[in-house]
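Q: As they're listed, the protein sequences go chains A and B. Straight run, no breaks: the first sequence in numbering that gives the first Met the number 0 ends on number 159. Straight run, no breaks: the second sequence in numbering that gives the first Met the number 0 ends on number 484.
Keep in mind that the hints were calculated from the coordinates and are not lab data. Check each hint, because a few of them may be wrong.
The following residues of chain B were derived to be distant from chain A, with all beta-carbon distances above 12 Å [what the hints assert, rightly or not]:
# : residue
1 : Pro28
2 : Val68
3 : Val69
4 : Val101
5 : Val207
6 : Thr350
7 : Lys389
Straight-line distance between alpha carbons at most 20 Å, and here's what the computed SDA-like set of lysine to any residue pairs gives [said to hold, decoys possible]:
#  : chain 1 : residue 1 : chain 2 : residue 2
8  : B       : Lys451    : A       : Lys27
9  : A       : Lys27     : B       : Ala108
10 : B       : Lys141    : B       : Glu179
11 : B       : Lys97     : A       : Lys27
12 : A       : Lys95     : A       : Asn134
13 : A       : Lys93     : A       : Arg154
We put the beta carbon where it would ideally sit given N, CA and C, even for glycine.
So the chains spell out like this:
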Amino acid sequence: MNNNSRPLLFAVLSVVIIVLFLNFGYYKQWFDTRVVRGVSDFSDQLSYMDPQERRVIRWGTSYIISFNIAKSLQDRHMDTNALILMPPVEYMRKVKFNFTPPEPAVFYYYTGMHSIEATRKDAEKANFAIVYLDNDLQLVQLNDSNRTKVLSEFRQYKYY
Amino acid sequence: MAIAGFIFLIAAHYLCGAGLLALFAIKLPSVKHNALAIIAGIVVVSFVPFLLQLGYVPITLTSVAAGIVVLCLLLNITRIKNFNLAALRDIRLLPRFKSYEVPFLIIFAFILFSSIWRSFYFPPNARDMLSGPEVIAEYTVKEHTMLNSVLSVNLESTNNHLKPPFVSGLQIVYKFFGFEFGQVWVGILAIAFCVFLYQSLRERVHPVLAGTLTLLFLAIPEVYAYTYIMLFDYSNMVLFFIGVYFLFEYFKSGRRNEFYFASVMLAFSVFVRLETLVLVGMLLPAFWLYAVRKKVSLKHVALQSIVMVGAGFILYFLWLNVYVKHYMPGNLSVVAKDVNHNLSDLSPLFTRFSDMNGQLLFGKYATALWAYFINIFLAVFILDLIISRKISKESRNWLYAVAVVYFGLPFLGYLLPLMDLMNTTKRGLFKLMPFLVLIMANTGLLQRLSAKMYSWETAPDSQPANKARTVKQPVKSRGKAKATR
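Only chain A is shown next, with the shape it has when bound in the complex:
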């Protein structure tokens, strides 16, 4: 064996190891789904470089609905003192609406607005609530007449 050809044989060995490894059992599945797909999505993703588009792609309906709620309140100039009562996750599952309500810190991150869960101590101070009405998710203003009803309904379900 020529001394100079040995590194070449090792190079071939390296390629063989890599090819066999990445085609073996679960490694093939991992490589295809986690690595190759990540790279193949690259060119598509270049078409959606706007940060807002990237947020929508990543966070989905949880972000879109939160964003729209905040926008609706801002448009009505009612955002400054708004404290929004969030529905429990279990409640959303029961009504079969595809929305995972974000916890208050995450909602604040998405929108810059305050929210609260029905089981928390300041829940009585909520002046808006997200409820499922007429086959849709709606933002309703809370007052002394409807607050107790909404709170007691939400408190029947688990948030996490």
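Position chain B relative to chain A; hints supplied.
A: Structure of chain B alone, referenced to chain A:
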């Protein structure tokens, strides 16, 4: 802005890290040195917003940039003093690799490109980030203080805002320098660690084996996912590994600078996840055993033990007992309610240990989490025990580190009930993985195979490989190769 910011931050990471390495007189081959400098520099830069906040300095682009420059200068004082222009001529810009390493380098680049792109493109997604470090960072950039309006939100459902400021610090810095979602540092850290690990393996085994082992590590599905998902655990794994690595280097060389550097890196790992302090404490017996063998004076043993745990404890104390207690508004201390007060009941400890093994490491989730990594490790390790019938000194050290994590994580789960199985313990297991790679590299089996590969590669043309007398190998594997011949 992002490109200029990226160049500035990479330079800042490198210079801060290289300055830190120079302060501890850590000498390494250039590629490994640069990778370690970037890793250490990432942590150093993460301190900047926190330090500014401690001094109530408004956190703006200018103050953050000035803070980074000042830290960089402070860490490089000795290097600036001893600056030698002639030494610049010796700097090699491109590292040298053997031709057969290229296929591995290409596949690593491909795999890690996917990581860095995703860490750049997507916003952070992990719930622990969005309800803690990320939201704090976002509003710090807007309001110029880490004590911002996020703390006025109802935070009863989370304690993530109380997690140490490593991630939030880096997010603040990267957002200021033009990265909408920060997070790119996650990919940079992963690349630097991959380079460090590969180079460390290359010092012990033939590059083809080093490449295979690095690929094996990179392809651990759950660990790989956190090369682009921002969370604490990948960084914690990297820093804990490097701390342990230099502790064991100290055991070999006896150079105290390596011990002190190890202590700093372990302290950094505590800065990422505070409970790591318990694992650092569990490393002490290994040091004491070394001290007894080497007849280190009691005074030094006491001093070094204090430094090893004390460095991490200072950061722990600074965050929880200074910042959370005195800077954060209201009664946000969680320590009392987070600790298990019924320590006499050991059943949660055994349950966690059993679940960790039965579900995560060897059970129904094992393949999805680690692919075949654990199986391959066990196969190599057991085969080596059967064939070699001994465990090398270096492997014994790494096995001790494995034991610290393996027994330490269930213990932490028992001590801190908030550390659940499917999140905290699962991701805590990341810390096992680089140790297992190093154990494999140090088995007699791979050492002999490596020696044979070197021997065959460098044997003269006319001589059969097994009779070759001239063997060129890296310094660290020469001794073992001779012994095996």
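Q: Now look at each hint and say whether the structure bears it out.
A: Checked hints:
1. Pro28: holds (20 Å)
2. Val68: Since the minimum Cβ distance to chain A is about 28 Å, valine 68 of chain B lies beyond 12 Å and the statement holds.
3. Val69: The claim holds: valine 69 of chain B sits with its nearest Cβ about 31 Å from chain A, beyond 12 Å.
4. Val101: violated (7 Å)
5. Val207: Valine 207 of chain B is in fact no farther than 12 Å from some Cβ atom of chain A, at 6 Å.
6. Thr350: Check passes; 22 Å lies beyond 12 Å.
7. Lys389: Label holds. Min Cβ-Cβ 28 Å, cutoff 12 Å.
8. B/Lys451 x A/Lys27: Outside the cut-off at roughly 30 Å; violated.
9. A/Lys27 x B/Ala108: holds (18 Å)
10. B/Lys141 x B/Glu179: holds (12 Å)
11. B/Lys97 x A/Lys27: Since the Cα atoms of lysine 97 of chain B and lysine 27 of chain A sit roughly 27 Å apart, the hinted pair is violated (cutoff 20 Å).
12. A/Lys95 x A/Asn134: holds (10 Å)
13. A/Lys93 x A/Arg154: Holds - the C-alpha atoms of arginine 154 of chain A and lysine 93 of chain A are around 14 Å apart, at most 20 Å.
Of the numbered hints listed earlier, those contradicted by the structure are 4, 5, 8, 11.
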